[in-house]
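Student: Note that the protein sequences, when read in sequence, are chains A and B. Numbering-wise (the numbering used here), the first sequence opens with residue 1 and increments by one. Numbering-wise (the numbering used here), the second sequence opens with residue 1 and increments by one.
These aren't lab readings, by the way, just hints derived from the structure by calculation. Check before you lean on any hint, since a few could be wrong.
When chains are identical, the list treats them as one kind, so a pair holds in a single copy or across two.
Stated by the list, open to error - Straight-line alpha carbon distances no greater than 30 Å define the calculated DSSO-like cross-link-like pairs of lysine-lysine that follow:
1. Lys296 / Lys66
2. Lys249 / Lys216
3. Lys244 / Lys296
4. Lys281 / Lys216
5. Lys249 / Lys66
6. Lys244 / Lys216
7. Lys296 / Lys281
8. Lys139 / Lys281
9. Lys139 / Lys66
10. Lys296 / Lys249
11. Lys216 / Lys296
12. Lys281 / Lys249
All of these numbers come straight from a predicted model, not from anything done at the bench.
These are the residues of each chain, in order.
Number of protein chains: 2
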Amino acid sequence: MTQPLNILIIGLGLIGASFGKAIRHQGLAERSVFVLGYDRSQGVAEQAVALGVLDQAVSDLAWLPKIDVVVMAVPVMAIGTVIDDIRPLLGSLQALTDVGSVKGQVVRTVRERLGTLPACFVPGHPIAGAEQSGVTAAKADLFEHHMHILTPLPESDPAAVQLITQLWQAIGADVVEMSVERHDEVLAATSHLPHLLAFSLVDTLARESENREIFKYAAGGFRDFSRIAASDPTMWHDIFLSNKDATLKVLRRFQADLTILEQAIEHDDGDLLQTVFTRAKSARDQFTQMLAERQKN
Amino acid sequence: MTQPLNILIIGLGLIGASFGKAIRHQGLAERSVFVLGYDRSQGVAEQAVALGVLDQAVSDLAWLPKIDVVVMAVPVMAIGTVIDDIRPLLGSLQALTDVGSVKGQVVRTVRERLGTLPACFVPGHPIAGAEQSGVTAAKADLFEHHMHILTPLPESDPAAVQLITQLWQAIGADVVEMSVERHDEVLAATSHLPHLLAFSLVDTLARESENREIFKYAAGGFRDFSRIAASDPTMWHDIFLSNKDATLKVLRRFQADLTILEQAIEHDDGDLLQTVFTRAKSARDQFTQMLAERQKN
Chain A
1 MTQPLNILII GLGLIGASFG KAIRHQGLAE RSVFVLGYDR SQGVAEQAVA
51 LGVLDQAVSD LAWLPKIDVV VMAVPVMAIG TVIDDIRPLL GSLQALTDVG
101 SVKGQVVRTV RERLGTLPAC FVPGHPIAGA EQSGVTAAKA DLFEHHMHIL
151 TPLPESDPAA VQLITQLWQA IGADVVEMSV ERHDEVLAAT SHLPHLLAFS
201 LVDTLARESE NREIFKYAAG GFRDFSRIAA SDPTMWHDIF LSNKDATLKV
251 LRRFQADLTI LEQAIEHDDG DLLQTVFTRA KSARDQFTQM LAERQKN
Chain B
1 MTQPLNILII GLGLIGASFG KAIRHQGLAE RSVFVLGYDR SQGVAEQAVA
51 LGVLDQAVSD LAWLPKIDVV VMAVPVMAIG TVIDDIRPLL GSLQALTDVG
101 SVKGQVVRTV RERLGTLPAC FVPGHPIAGA EQSGVTAAKA DLFEHHMHIL
151 TPLPESDPAA VQLITQLWQA IGADVVEMSV ERHDEVLAAT SHLPHLLAFS
201 LVDTLARESE NREIFKYAAG GFRDFSRIAA SDPTMWHDIF LSNKDATLKV
251 LRRFQADLTI LEQAIEHDDG DLLQTVFTRA KSARDQFTQM LAERQKN
């Protein structure tokens, strides 16, 4: 009889807790799993057990059974502390991964703390989320039909990459691989910049409007556009400081393009507006179609 | 027995056709209504009759029965032509209104064409819409629990304002009044600018990405943020050219605020990011609460 795969999740927020719930629910094809979890907030790991997220709560990272896989599900800026905490485990791990929205900063932090990148380390990022946060928001199907991006490093052991791939595939994610740099550029464009624009616009309007009265007249378009401005400020503070270069690059491209539209409005250049809007609509319609096809699969 | 109120809708797109369908469905408390409609595209008015939008199709605006109310449901830039067409009716109308997203330009056009503002004229704008367009998308409940902004003019006959108010209230809209200038500022901020940002961002990303491959990695946040970039390019081209001053004013405020965030990222000013994001989240959470309360009523 093979031993179960012991998985330790550190950080039991929405992502970490949903991973635990999902992997306990789905299991692995050829090996049973045993899910342990730790959270620095007291009582959360016990709550996670009660919610079916974990098999066992861990109250002290210094006292652990044999662990095969560690999933670091903490904010990007907390990775350094976690690496310090789990240093004694690293020699015997089959795989170590994370779920951070920025990959370059996570890799830099691990290298700084350890002086090297361990072969077991396979950085990752699930393209999934929800408006709710915390362990009580955990959903076993959160990652189904969602992309999971892995950014294996030159140092990564292929067996570790394979194991992490299997775990995410087991819970329904579409696993894709790309470089750390490419990941941070893609996410800066499709996620970080839109969040910055939504935060910025809502703040501009809220500050200008007496008693925020202006929002009374906002329709469904504004509602959807601005939804991401309700995201966690601390998490996004971390993301922008961690993915500074890629975010600034795409932000400046956007600012330059927006200035062209500003000038077109100022100079009544209707042709330019029509051209840009038509091109944008075509790209957005294609995106809608892509989402519909993904939903069907 | 009182005569029915004869309402002529000019322009049978989503808004005009939905108004017809709604008012035929709901009626007025003390008077029956008879809904006529005209569309410059051949066959659309007949199709509208078949769809229950109209009592009667009008094929030529030069030959009309006695009309009491005209609703101009055409793009802002088409208002001038409509005014020319209905000039013979104006003397006997009880009320004339429109549904344009910009009010200053509509009022200027009417004044230019007629040399004066007729007392029957009460400009209006329903804060409602849908992704679909055209007569087949007409929905009798499109305006229920939605704001309808009226911008009565100093020249407007109070009886005309009252009649237009009654019509929109009859189909479930929350009618509010404000000045033309205030309307155009509020809409520039809550609708026109967000559309410009969504069009601009989607275009920036689509042009930079080979085969638009980048969109594959976009998540729900981007999907919602960018939905309005699929809006009708011609309608939005008209809106930006018509509401130039108010749009440029709020756009420039936004650009200045965005540059402050850009500099905060560049100089690792985490406190500023945290402050802006926290303020934005608070405003957006308040907006969510307001929407929930409106839904309950």
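Student: A separate judgement is required for each hint: does it hold in the structure or not?
Tutor: Checked hints:
1. Lys296 / Lys66: Result: close neither inside a copy nor across copies, 41 Å intra and 53 Å inter.
2. Lys249 / Lys216: between (35 Å within a copy, 20 Å between copies)
3. Lys244 / Lys296: Neither: 36 Å inside a copy, 42 Å across copies.
4. Lys281 / Lys216: Classified as both: same-chain Cα gap 27 Å, cross-chain 17 Å, threshold 30 Å.
5. Lys249 / Lys66: neither (44 Å within a copy, 62 Å between copies)
6. Lys244 / Lys216: between (35 Å within a copy, 23 Å between copies)
7. Lys296 / Lys281: Only inside one copy: Lys296 and Lys281 sit 23 Å apart there, 34 Å across copies, limit 30 Å.
8. Lys139 / Lys281: between (33 Å within a copy, 24 Å between copies)
9. Lys139 / Lys66: within (27 Å within a copy, 62 Å between copies)
10. Lys296 / Lys249: The answer is neither: 35 Å in one copy and 44 Å across copies each exceed 30 Å.
11. Lys216 / Lys296: between (37 Å within a copy, 15 Å between copies)
12. Lys281 / Lys249: Cα proximity of Lys281 and Lys249: in one copy and across copies (24 Å, 25 Å).
In this structure, the hints that do not hold are numbers 1, 3, 5 and 10, in rising order.
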